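Participant: To get my numbering, take the position in the sequence shown, counting from 1, and add 151.
In case anyone wonders, no lab produced these hints; they're calculated from the structure.
Incorrect hints may appear among the rest.
Claimed, not checked - With a cut-off of at most 30 Å between alpha-carbon atoms, the simulated DSSO-like pairs for lysine-lysine come out as follows:
no., residue 1, residue 2
1, Lys188, Lys153
2, Lys188, Lys270
3, Lys266, Lys188
4, Lys270, Lys197
5, Lys261, Lys197
6, Lys188, Lys235
7, Lys266, Lys197
Said to hold, decoys possible - Pair by pair, the computed Cβ-Cβ distance ranges are:
no., residue 1, residue 2, range
8, Asn204, Phe154, 53 to 59 Å
9, Val160, Asn204, 32 to 38 Å
10, Phe254, Lys188, 18 to 24 Å
11, Lys235, Thr290, 44 to 50 Å
12, Leu237, Leu162, 26 to 32 Å
13, Thr290, Glu191, 56 to 62 Å
14, Met152, Glu205, 17 to 23 Å
15, Tyr219, Tyr176, 39 to 45 Å
Quick caveat, the model's predicted, so the values are computed rather than measured.
Note that beta-carbon positions come from the ideal geometry of N, C-alpha and C, so glycine has one too.
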Amino acid sequence: MKFRIFLLVFLAILLAAFWYISTGYFSSGERAGTLSKLSERGYVFKTYEGVLNEGGYSGETGTLQPRYWDFSTVADSVIIDLRKALGTGERVTLIYQEKFVRFPWNGDTKYFITKVIFKPQPQKPVYQDYEEPATLPQTQAQPALPQPAPLTKDTVSVVEPV
């Protein structure tokens, strides 16, 4: 009888630990960029996998270089927002959780997106004292081309034949 109770308690602890490891997370954060790819993957367990292009400046070469970050998600509301972001090309901030362990039914990565925040588009600056011109400016008149002087007796020398 004691062995059965011990076995039940051991199995309950084992199941609780497995549940915690498969659903719990040890890190959460945000990443911003533009969405490069979103696809549904998996043979048995279908999950959505995506790639975020964070961009970035390379101090080594002094140029802008793409930096890609892979993520997974299964939440329907997040998938709808990700499809919208992919279609419009808007910058987004992805709120994620990093899981302890990656299981096949959870996705290809340890990073799971829980929320998508759309970044507002930059506005054109508005200047207080600037007014749009009502009409296009007129082009400046070009000077007239020089005309040859008229021929007169005074200006023409006549040569008599010999």
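Participant: Decide, hint by hint, whether the structure agrees.
Facilitator: Cross-check of the supplied hints:
no. : hint                         : verdict
1   : Lys188 to Lys153             : violated (55 Å)
2   : Lys188 to Lys270             : holds (18 Å)
3   : Lys266 to Lys188             : holds (17 Å)
4   : Lys270 to Lys197             : holds (29 Å)
5   : Lys261 to Lys197             : holds (15 Å)
6   : Lys188 to Lys235             : holds (12 Å)
7   : Lys266 to Lys197             : holds (19 Å)
8   : Asn204 to Phe154: 53 to 59 Å : holds (57 Å)
9   : Val160 to Asn204: 32 to 38 Å : violated (50 Å)
10  : Phe254 to Lys188: 18 to 24 Å : holds (22 Å)
11  : Lys235 to Thr290: 44 to 50 Å : holds (47 Å)
12  : Leu237 to Leu162: 26 to 32 Å : violated (44 Å)
13  : Thr290 to Glu191: 56 to 62 Å : holds (59 Å)
14  : Met152 to Glu205: 17 to 23 Å : violated (59 Å)
15  : Tyr219 to Tyr176: 39 to 45 Å : violated (22 Å)
Consistency note: the structure conflicts with the earlier hints numbered 1, 9, 12, 14 and 15.
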